[in-house]
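Starting from the structure of chain A, add chain B where the hints point.
Going down the list, the sequences are from chains A and B. So the first sequence is numbered by this note's numbering: it starts at 3 and just counts up by one. So the second sequence is numbered by this note's numbering: it starts at 91 and just counts up by one.
Check each hint, because a few of them may be wrong.
EDC-like cross-link-like pairs, simulated, lysine to aspartate or glutamate; straight-line CA separation at most 16 Å [claimed, not checked]:
#, chain 1, residue 1, chain 2, residue 2
1, B, K242, A, D138
2, B, K133, A, D120
3, B, K180, A, D133
4, B, K185, B, E171
5, A, K139, B, E243
6, B, K222, A, D40
7, B, K242, A, D119
8, B, K185, B, E243
9, B, K192, B, E171
10, B, K94, B, E194
It is worth saying that the hints were derived from the structure and are not from the lab.
Read off the chains here:
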Amino acid sequence: MKTTIRIWDFPTRLFHWLLVVSVAAAYVTATLGGNLMDWHGRIGALILGLLIFRYIWGFIGTTHARFGSFFPTPRRLAAYLKGRWHGIGHNPLGALAVFALLTDLSVLVATGLCSSDDIAFAGPLFSLVDDESISDKLSALHAQAFNLLLALLALHLTAIGYYRWIKKTNLLAPMLTGKKEVPRALATSSYTGGGVSCFFITVMISGAVVWGVWGGVEIVKPVESAPVPVSRPSF
Amino acid sequence: MKTKLASAIILATVATASLAGPIEEQIRFRQSAYSFLGWNTGKIKKQVIDHPETFNKDYVAAAANAIAAIANSGLGELYGEGTDQGTGWKTSRLKSEFFQKKEEVTAVANTFNEAANELAKVAATGDINAIKTQFGKLGESCKGCHDLVRIKE
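In isolation and in its complexed conformation, chain A is listed as follows (with noise of 0.2 Å):
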């Protein structure tokens, strides 16, 4: 017997999608290029803002959005490749997989923001790498950490596939919908954590970062205006 439970909070699945949407976006513009690369940069904040969301609402959002609650332990692992595994939420290799994808994305983030594409661009807080040599690395491990992406994506997307169409398991609909079918067995409570007053509380501790992270750099380092050109320099 089936029963329909709640799954993945409205925040989660926000998150989700955005992150799809901005990833996407932060594709075409990088590809793109010229004056697209200033969007390029916001496009990365706001997925800096998600991610920083995420870790968060990992700790305080909703059961099965939390780490501790899907955490791939080595028990866990064994035990779902044995078929022993009966949760509701990300499975031990779904959650191999988000934990891999969200680091990955972190280090494209961090990176991004010390990076230049040696054209015009360059992120908020290149100016506070002194040693060009690492500034080069980090614009080098950016697009290393890019194909590293790339690779995860089609893993995930293939995974996806092979659930519905091998498994017969419907993971897109529960991450629109937030509701999953279950055996009534697995049905528990429902959940819990992760109400209103902490999904406001995460916003603003991730808009502060990213603010701080975007701006604050020029109120360290104002912007000066440009001297005037003379036609005879005056040093």
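Quick look at chain B alone, frame taken from chain A:
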């Protein structure tokens, strides 16, 4: 007509690259050129895009002229045989397939050349929005060459 002339000049400079001197010197000169280019694009970005309240028409026009001057200076001469391996100020990031892609290289070099000359023209008018648009096109032309022949690391 101008494009044909520019192509001819570019092909000629690429062909005379053998006259350019030791490999390390070629790499160093071109790395210097791009570094100086970055200083000038940074000036334009700051005054035209990031902080338009600081816009100074002459300052931006001077930077655009410097960029055009570099673009017109015959950089092709600094891409002689063997300059994909070597160190100037830094290790060269030129892809080896550069030497097999002469036509494509000429095409992206042309694009850069035209974009830079157009930017200098537009900057002389002082129209900040037009400068911003053309600056974007210049950035895309820089990227065109990087994507084609520059190692990503």
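Against the structure, the hints:
1. B:K242 - A:D138: Since the Cα atoms of K242 of chain B and D138 of chain A sit roughly 10 Å apart, the hinted pair holds (cutoff 16 Å).
2. B:K133 - A:D120: Since the Cα atoms of K133 of chain B and D120 of chain A sit roughly 14 Å apart, the hinted pair holds (cutoff 16 Å).
3. B:K180 - A:D133: 13 Å, holds
4. B:K185 - B:E171: With Cα atoms ~12 Å apart, K185 of chain B and E171 of chain B stay inside 16 Å; holds.
5. A:K139 - B:E243: 8 Å, holds
6. B:K222 - A:D40: Holds, at about 12 Å.
7. B:K242 - A:D119: 11 Å, holds
8. B:K185 - B:E243: 11 Å, holds
9. B:K192 - B:E171: 12 Å, holds
10. B:K94 - B:E194: 15 Å, holds
Hint violations for this structure: none, all hints satisfied.
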